[in-house]
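Sequences and hints are given; from them, build the entire structure.
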Amino acid sequence: MSVAETIEIPERTRWQRISGVSTLWIGVVLVLLYAGFSIWKPNAFPTRFTLQTLLIETSVLLVLSIGMTFVIITSGIDLSVGMVLIFAGVVGSKTMEWLSPGGDASHAGWGIIAIGLVVSIAGGGLWGLINGVLVARAKIPPLIVTLGSFGAALGAAQLITGGVDTRTVPDNLRNSLGFGTLLGGVPDLVVVALVVTLFGAWLLHTTRFGRYTYAIGSNAEAARRSGIGVTRHLILVYLMTGLLAGLAGFMNLAYFGTTTIAGHGTDNLDAIAGVVIGGTSLFGGAGTVVGTVIGVFIPSVLRKGFVIAGVPVFWQPIAVSIVLVAAVWFDQARRKARDRK
Amino acid sequence: MAVRPAGPERRQLTQKVRAEMRTVNRAAVIVGVVVTAAAVLAGCGGKVGSSGSINTKNLVLIPGVANEPFYISMQCGAQDEAKKLGYSLNTQAPTQFDASLQTPIVTGVIATKPGAILIAPTHATAMAAPIKQAKDAGIKIIEVDTALDDQSIALSSISSDNVKGGQLAAQTLAKLVGDKGSMLVINTKAGTSTTDQRAQGFADELKNHPGMSSLGVQYNNNDAATAASIVTATLSAHPDLAGIFATNLSSAEGAATGLRDAGKLGQVKIVGFDASPQQVQDLKSGVIQALIAQDPATIGVDGVDQAAAALTGKPVTRHIQTDMVSMTQADMDANSKYFYKSKC
Amino acid sequence: MPSAVLEAEGLTKRYGGVEALRGANFQVFAGEVVALIGDNGAGKSTLVKCLSGAEQPDGGRILLDGQVVRMTSPIEARRLGVETVYQDLAVAPDLDPAANLFLGRELFRHGIAGRLGMLDRKAMKSQAAEHFARLGVVLPRADVPIGTLSGGQRQTVAVARSVMWASKVVFMDEPTAALGVVQRERVLDVIRRVRDQGIAVVLISHNMPEVLSVADRIEVLRLGKRVARLASDATLEQLVGAMTGALNTEDDAA
Numbered sequence: 008m009s010v011a012e013t014i015e016i017p018e019r020t021r022w023q024r025i026s027g028v029s030t031l032w033i034g035v036v037l038v039l040l041y042a043g044f045s046i047w048k049p050n051a052f053p054t055r056f057t058l059q060t061l062l063i064e065t066s067v068l069l070v071l072s073i074g075m076t077f078v079i080i081t082s083g084i085d086l087s088v089g090m091v092l093i094f095a096g097v098v099g100s101k102t103m104e105w106l107s108p109g110g111d112a113s114h115a116g117w118g119i120i121a122i123g124l125v126v127s128i129a130g131g132g133l134w135g136l137i138n139g140v141l142v143a144r145a146k147i148p149p150l151i152v153t154l155g156s157f158g159a160a161l162g163a164a165q166l167i168t169g170g171v172d173t174r175t176v177p178d179n180l181r182n183s184l185g186f187g188t189l190l191g192g193v194p195d196l197v198v199v200a201l202v203v204t205l206f207g208a209w210l211l212h213t214t215r216f217g218r219y220t221y222a223i224g225s226n227a228e229a230a231r232r233s234g235i236g237v238t239r240h241l242i243l244v245y246l247m248t249g250l251l252a253g254l255a256g257f258m259n260l261a262y263f264g265t266t267t268i269a270g271h272g273t274d275n276l277d278a279i280a281g282v283v284i285g286g287t288s289l290f291g292g293a294g295t296v297v298g299t300v301i302g303v304f305i306p307s308v309l310r311k312g313f314v315i316a317g318v319p320v321f322w323q324p325i326a327v328s329i330v331l332v333a334a335v336w337f338d339q340a341r342r343k344a345r346d347r348k
Numbered sequence: 334m335a336v337r338p339a340g341p342e343r344r345q346l347t348q349k350v351r352a353e354m355r356t357v358n359r360a361a362v363i364v365g366v367v368v369t370a371a372a373v374l375a376g377c378g379g380k381v382g383s384s385g386s387i388n389t390k391n392l393v394l395i396p397g398v399a400n401e402p403f404y405i406s407m408q409c410g411a412q413d414e415a416k417k418l419g420y421s422l423n424t425q426a427p428t429q430f431d432a433s434l435q436t437p438i439v440t441g442v443i444a445t446k447p448g449a450i451l452i453a454p455t456h457a458t459a460m461a462a463p464i465k466q467a468k469d470a471g472i473k474i475i476e477v478d479t480a481l482d483d484q485s486i487a488l489s490s491i492s493s494d495n496v497k498g499g500q501l502a503a504q505t506l507a508k509l510v511g512d513k514g515s516m517l518v519i520n521t522k523a524g525t526s527t528t529d530q531r532a533q534g535f536a537d538e539l540k541n542h543p544g545m546s547s548l549g550v551q552y553n554n555n556d557a558a559t560a561a562s563i564v565t566a567t568l569s570a571h572p573d574l575a576g577i578f579a580t581n582l583s584s585a586e587g588a589a590t591g592l593r594d595a596g597k598l599g600q601v602k603i604v605g606f607d608a609s610p611q612q613v614q615d616l617k618s619g620v621i622q623a624l625i626a627q628d629p630a631t632i633g634v635d636g637v638d639q640a641a642a643a644l645t646g647k648p649v650t651r652h653i654q655t656d657m658v659s660m661t662q663a664d665m666d667a668n669s670k671y672f673y674k675s676k677c
Numbered sequence: 236m237p238s239a240v241l242e243a244e245g246l247t248k249r250y251g252g253v254e255a256l257r258g259a260n261f262q263v264f265a266g267e268v269v270a271l272i273g274d275n276g277a278g279k280s281t282l283v284k285c286l287s288g289a290e291q292p293d294g295g296r297i298l299l300d301g302q303v304v305r306m307t308s309p310i311e312a313r314r315l316g317v318e319t320v321y322q323d324l325a326v327a328p329d330l331d332p333a334a335n336l337f338l339g340r341e342l343f344r345h346g347i348a349g350r351l352g353m354l355d356r357k358a359m360k361s362q363a364a365e366h367f368a369r370l371g372v373v374l375p376r377a378d379v380p381i382g383t384l385s386g387g388q389r390q391t392v393a394v395a396r397s398v399m400w401a402s403k404v405v406f407m408d409e410p411t412a413a414l415g416v417v418q419r420e421r422v423l424d425v426i427r428r429v430r431d432q433g434i435a436v437v438l439i440s441h442n443m444p445e446v447l448s449v450a451d452r453i454e455v456l457r458l459g460k461r462v463a464r465l466a467s468d469a470t471l472e473q474l475v476g477a478m479t480g481a482l483n484t485e486d487d488a489a
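As given, the protein sequences belong to chains A, B and C, one line each in that order.
Converting from the first sequence to our numbering requires adding 7 to each position, the first position being numbered 1.
Converting from the second sequence to our numbering requires adding 333 to each position, the first position being numbered 1.
Converting from the third sequence to our numbering requires adding 235 to each position, the first position being numbered 1.
Just so you know, these hints were derived from the structure itself, not from any lab.
Note that the structure is a prediction, hence the values are computed from the model and not measured.
Do not rely on the hints blindly, as some may be mistaken.
As the list claims (entries may be wrong) - Ranges between beta-carbon positions, derived for each pair:
1) C:413 x A:209: 33 to 41 Å
2) A:209 x C:399: 23 to 31 Å
3) B:468 x A:32: 51 to 59 Å
4) A:32 x C:342: 31 to 39 Å
Claimed, not checked - For lysine-lysine, the following BS3-like pairs were computed, each having C-alpha atoms within a straight-line distance of at most 30 Å:
5) A:146 x C:284
6) B:497 x A:48
7) B:670 x B:617
8) A:48 x B:670
9) B:597 x B:390
10) B:465 x B:390
11) B:670 x B:417
12) B:597 x B:416
13) B:617 x A:48
14) A:48 x B:465
15) B:597 x B:617
16) A:48 x B:513
17) B:647 x B:468
18) B:674 x B:513
19) B:597 x B:513
20) B:617 x B:647
21) B:416 x B:674
22) A:48 x B:417
23) B:513 x B:390
24) B:676 x B:416
25) B:465 x B:597
26) B:497 x B:540
27) A:101 x B:465
28) B:674 x B:497
The C-beta atom is built at its ideal place from N, Cα and C for all residues, glycine as well.
This is the structure we're talking about:
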């Protein structure tokens, strides 16, 4: 007869929960990269200007990647984010132009800008909802569904604009969200990305919504048997990603002053790479927001460092790919150790 | 028979190991955070970037996209001229013709503070802000090939006369099709100044040829495969298609593929733009009937010359238009100096 | 005689042309482990599915505490106090044991934090520790993903979860099938503790020695009907005989 022992289950500190060992290693990689480039080009790399542009240029991708983190943790994927971003920017800017006298939104006031923001986010949410329903209810694999919405969202954007980028974006928007700064030099774009990141971290690591995300990615059947509404939850996760892509589209609009329909073709892969480098497993069930942040910045720092150091452009995708593969390999090794019987 | 769990000693050891690992993890995280903060603060401590030494002997060329023979020829011309004048020229190209990819390159190059940037903006309005940042940092801006809508930023803009090129294409095509039939224009990405001007020039000249009609402009998003499917689709809808004007390299390559798939190669006449090695080959073998070649090498040379003029305080020419030449299979060898290179 | 907690009377179930249950009876009482055995195709899983809400019988009655019930889904069955522990380890490998214990029934923090959905991890951890202690579940580490623990440890957590929420009946479908000898004993220990809490445990197993070691009673199913009820002192020959049809101690009438 076994003796009853009192087992105290030690509470891991919030830091440990949030960080975890693999996150530490990629954090070290990021620091080493930053330090390495600073030593290589001390006059150009470790400057405030470079840091600012690095943060600004990664903000939009970071917002996309927060949503992508949730999706990948549920062992899904969302390939449509770049095109949903474009679609959201298009509907937002078209709305603002439509509400402005003469179709010229350059001098639009804050009311119109607010409406544009709502329309952008809603536009993104629409695609997120479509993705979620098709994945969760119709049970079509996320790869296929989001590949479809990738094309459909772009097609819709091109239909609406005739393939021509918007020419007028409110100056107020460009000067505030696009180029404005807060608190003595922190760009508004970065502030928005930071708020989204903090919200994402709070949602994923402290709420029941976050836990259900992990549970469904870890074992959807067990989650279902426990009474968790898996279908509803998945729809919400994809919806959230769509809403964030909508916000990203509006941020993109503010920064570039136009819709850039021809671009963003590789945003989806960049976001996935960032999330995976950050330690989130493509098989679902594991991942952190801190990891995603680090994972998104590693390719950014690599690219910027290469440009500043004058390394030929073809080395950059090779370097990023090496880091990506190394991250997945490390995750596989970790899983193997974990799944020992 | 119940199995005894681990004895008290072993349990204590496990707990101790657990506690140690917690401490190590915690310490490692703190160290990581501290080091990162230090690196970031070191960055913050630096200057904003506008003052500080600009190296007036450094030039940087930022083409529209990597790997395109047009831009590579431009790079070769620019590099030779830079060497001749005693400047060093570095080239950084985005992997795709995309403003969100070209922007980080521009800001990265600003950090290295060259004397001048020769740039082909990938978007006439979206690239205005980052390029203006370069100008505000004291770097001279020379536009090569494409241009911004905002004329106040660059000191000089050098490109082919793309409108004239489009007209030349229409005239050439008219000769090839015997001045009658429907014409299709395959353009690349909407909003690109250069190709839009070519399409415009073509449409204008077409009005002078009453026997020829226009099927409008289709966009292939700079993807050859898309151009191919546009051509096959148009052939199904309009069997009287007689001529195609392809406004750039990917359009021409794709159009030729599309015609080949439909078995209409040689019957529908293609006039392509740009003389990449593949297109020169196609011209030689009769896949395309004519090419309008630009002179990217001269654009590169002129770009460097204007940059040097700006840096040494000499007068700068605001607009320079370089030659365009039309060549067919018959006269191509005479025009071989206009062929684009795939490496210098 | 105390009434059964869960009772099946004359259940019939048909899948297309196959009659899986032909008037099957079953009883389980509080505070006992009943083993339900039978050869392949005897109808064990169908019977269990009907009694746990995963399937609905075509005919017959199910009584819970003497009242006729219709359990339209496993969630509905759970609400009535009938839980199932499945053979395929139905835990989420990336979550820790406490998280698995509370899966679907998490505790929220108090006040506005709770209303926003924030979880009270400390409370869940301490309650989990109590529950594990009560059932004799021993884990080397409890703050790691449950996937890093052995199969036996995972299964003990799954068993513990099934009784966490005031259940009346717990079905255990081949709970030790995938485990080694030592781990099996651990799981059986926990099952005994569960029984000691007064819960009715139904064990489905192909492992005769295990059945004889942990069951208080044994009910044998053959060709969709109950053919024998044996006590824990039954012999292996009796069990096998009942399963193969050599032994039949039940009336044909229900």
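#### Entry: Hint numbers not upheld by this structure, sorted from lowest to highest
Hint check: 3, 6, 8, 9, 12, 13, 16, 18, 20, 23 and 25 fail, others pass.
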